[in-house]
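First to last, the sequence lines map onto chains B and D. Residue numbers for the first sequence, in full-length UniProt numbering: 1 to 246. Residue numbers for the second sequence, in full-length UniProt numbering: 1 to 368.
None of these hints come from the bench; they were simulated from the model. For clarity, every value in this text was computed on a predicted model and none was experimentally measured. Each residue gets a CB set at the ideal place from its N, CA and C atoms; glycine is no exception. Heads up, a few of these hints could be off.
List time: in silico DSS-like cross-link candidates among lysine-lysine, alpha-carbon distance up to 27 Å [what the hints assert, rightly or not]:
| # | chain 1 | residue 1 | chain 2 | residue 2 |
| --- | --- | --- | --- | --- |
| 1 | D | LYS8 | D | LYS364 |
| 2 | D | LYS363 | D | LYS341 |
| 3 | B | LYS170 | B | LYS21 |
| 4 | B | LYS17 | D | LYS62 |
| 5 | D | LYS216 | D | LYS8 |
| 6 | B | LYS129 | D | LYS18 |
| 7 | B | LYS107 | D | LYS364 |
| 8 | D | LYS216 | B | LYS104 |
| 9 | B | LYS220 | B | LYS198 |
| 10 | B | LYS72 | D | LYS367 |
| 11 | D | LYS8 | B | LYS26 |
| 12 | B | LYS72 | B | LYS104 |
| 13 | D | LYS82 | B | LYS21 |
| 14 | B | LYS130 | D | LYS243 |
| 15 | B | LYS16 | D | LYS364 |
| 16 | D | LYS8 | B | LYS107 |
| 17 | B | LYS21 | D | LYS364 |
| 18 | B | LYS72 | D | LYS364 |
| 19 | B | LYS220 | B | LYS26 |
| 20 | B | LYS104 | D | LYS367 |
| 21 | D | LYS8 | B | LYS130 |
| 22 | B | LYS72 | D | LYS216 |
| 23 | B | LYS180 | B | LYS72 |
| 24 | B | LYS170 | B | LYS180 |
| 25 | D | LYS8 | B | LYS72 |
| 26 | D | LYS64 | B | LYS104 |
| 27 | D | LYS8 | B | LYS129 |
| 28 | B | LYS21 | D | LYS363 |
| 29 | D | LYS18 | B | LYS16 |
| 30 | D | LYS363 | B | LYS72 |
| 31 | B | LYS104 | D | LYS341 |
| 32 | D | LYS243 | D | LYS341 |
Chain B residues, not near chain D, derived (Cβ > 12 Å throughout) [stated by the list, open to error]:
| # | residue |
| --- | --- |
| 33 | GLU6 |
| 34 | ILE8 |
| 35 | GLY52 |
| 36 | ASP54 |
| 37 | THR58 |
| 38 | LEU90 |
| 39 | THR91 |
| 40 | SER135 |
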Amino acid sequence: MTSTIELIQVSKSFGKKNVLKAINIKVDAGQIFGLIGPSGSGKTTLVKIIVGMDQPSTGQVQVLNTQVPNLKLLQSIGYMAQADALYNDLTGQENLAFFASLYKLSKEVKKERIAYAANLVELTPHLSKKVLNYSGGMKRRLSLAIALIHDPQILILDEPTVGIDPELRKSIWAEIVRLKSEGKTILITTHVMDEAEKCDQLAMVRDGEIISNGSPATLKSHYNINSLEEVFLKAGGEKDENNRIS
Amino acid sequence: MRTIALVKRVCIQMVRDKRTLALMMVAPLVILTLLHFLISSDPNTPRLGVNGAEESLIDELKEKELKVIQFDQLKSPNQLIKVKDLDGVLQMEGDQLNLTLTNDDPSKAKLLQTKVMQAISTVNAKEQATNLAHFVEDIAQQQPNAPINLNQIKMPEMSTSYIYGNSETTFFDQLSPILVGFFVFFFVFLISGIGLLRERTTGTLDRLMATPIQRKDIVFGYLIGYGLFAIIQTIIVVFYATKVLDIMLIGSLWNVILINLALALVALLLGILLSAFANSEFQMMQFIPIAIVPQVFFAGILPFEGMPDWMQIVAKFMPMYYGGNALVDVMYKGFGLNDIKNELFVLLGFALIFIVLNIVALKKYRKI
């Protein structure tokens, strides 16, 4: 299989602080790839570098065999930011329509996609309301709908299920799995372990380093533990010990 | 295409935000109206208390558009001024004239002083003339045969003509073109700057950068979106100033609109540029005393020639310097398009530089 996203020795530092240290990641096409790690571990910075919104200090990023950053590439990437970036004074419909027109969709396709995306996140009855009056969960869902609006080949979701109730979370995951079956590649960050369980590949991030990666099953067998949560704690602990030794 | 989507969005947001729209369209009119009535209202006539002066002097003073109030008793002038709310007191003590001025309003005090001096010198001149006439008469009586020719010196007639304006011109007529331009500049700066700042702080600008939009699309989207409202504002302000407030407009109305549009363009671009260096609305406000207020000083309200050399150089970097001059040229002096084209070109030059700087400043959000 060809890799859709490839990071080679990516490091990033803000001033003297090293946020990412020599990250290597390979995401194969049609996979759900999970980045798990605590807040402040550098997940969002990593994601932004993959999208091209941030530049690595050293190293290379390739998406669909194209060097990032690249404007054309963004047409194939659906991005959902960690913080909802929505226009509060516009309605849901207007938000979707605005982002749809940034992707140069034809009128019919645009209409179709807006209806599809809104329906998917169960916002169809609320589309004419201003986002100002949305609940936190509704805003999250609208953000997801916007990420899907242009039917992108690659989805990059930064903590998509934060603040979403369990029922909707389930339906969102069902959709993610369905998108995968369509051959799309999905990169997702999370710190919820049962979500990590649903990924094909995982990379555990801690303090800007990948401390462990592989499929959930591999990770579990490697550490000889049943739950990923324990894997995470154990892997993190190991690193601490290493640090102390060195 | 993407620019149009952005323009559409800016317009919807603007129309929804009724208060901001009202601020942009109505606030300049309110301020202009207030200033118009404040500055062009006639100053009230100075009140002068007089004690012990001759009748002729009092008559002369009354002719000088002064309110003369006579007092028979001599109290202390300070007391008198306070009690009777006077602007000055003139006392005759023997041959000595004493003028006490309140001087709470220096310009009024100067005016009063000048008028009193004029009245005194007129009275003196008249007395001199009478004395001379008597003297001539005496001599004529003593030496009846001697021919005496005394040429009476006639006061030359003086007529005043004006190159710009007329005798009715007030300070406001010269000031108002600058104010019209300044308010357009100020409100466009504020609203476009905060508009893009909101996009920065809510994270939507960051989010936009994850779409294939180009940086220049964003700058032009904002430019056109807010530009449309700036055009409407400019037209409202200019029409209101010239048609309702009846501010002196000798040149073409279209030239006035043209200059204001150029100013609005510069303000808009300066607003979105400076918003890159602000993290909140409060920080955006902090740019007003630094970037906006000094513009007024160089706009032509204070005489340019009197400035120190280094300030004259600073003025050349102020968009309002060119805008203010051009507006005074057209509205007050009646110059045509050909006379103001240099100013217009400089303003467009500012706009062009700001466009480039804006596109570069967005690199903070995405390198390409």
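Q: Quickly compare the C-alpha distance for LYS72(B) and LYS104(B) to 27 Å and report which way the hint goes.
A: 12 Å, holds
Q: Quickly compare the C-alpha distance for LYS8(D) and LYS107(B) to 27 Å and report which way the hint goes.
A: 16 Å, holds
Q.
Tell me if the straight-line CA distance from LYS130(B) to LYS243(D) falls inside 27 Å.
A. Roughly 40 Å separates the two Cα atoms, so the pair is violated.
Q: Could you let me know if the closest chain D CB is still more than 12 Å away from the CB of ASP54(B)?
A: 8 Å, violated
Q: Assess, step by step, whether the Cα of LYS107(B) is no farther than 27 Å from the Cα of LYS364(D), and give holds or violated.
A: Given that 27 Å is the threshold and the Cα spacing comes to 33 Å, the pair is violated.
Q) Holds or violated: LYS104(B) with LYS367(D), Cα cutoff 27 Å? A) 22 Å, holds
Q | Distal placement of ILE8(B) relative to chain D, Cβ over 12 Å | A | 18 Å, holds
Q) If you draw a straight line from the CA of LYS18(D) to the CA of LYS16(B), is it 27 Å or shorter? A) Since the Cα atoms of LYS18(D) and LYS16(B) sit roughly 46 Å apart, the hinted pair is violated (cutoff 27 Å).
Q) Minimum Cβ separation between THR58(B) and chain D greater than 12 Å? A) About 15 Å separates THR58(B) from the closest Cβ of chain D, which puts it past 12 Å; holds.
Q: Could you check that no beta carbon of chain D comes within 12 Å of the beta carbon of GLY52(B)?
A: Since the minimum Cβ distance to chain D is about 7 Å, GLY52(B) lies within 12 Å and the statement is violated.
Q) Does LYS21(B) lie within 27 Å of LYS82(D) when you go C-alpha to C-alpha? A) Given that 27 Å is the threshold and the Cα spacing comes to 81 Å, the pair is violated.
**Q.** Given pair status - LYS341(D), LYS363(D), alpha carbons within 27 Å
**A.** 34 Å, violated
In summary, the structure is inconsistent with hints 2, 3, 4, 7, 11, 13, 14, 26, 29, 31, 35, 36, 38 and 39 from the numbered list given earlier, while agreeing with the others.
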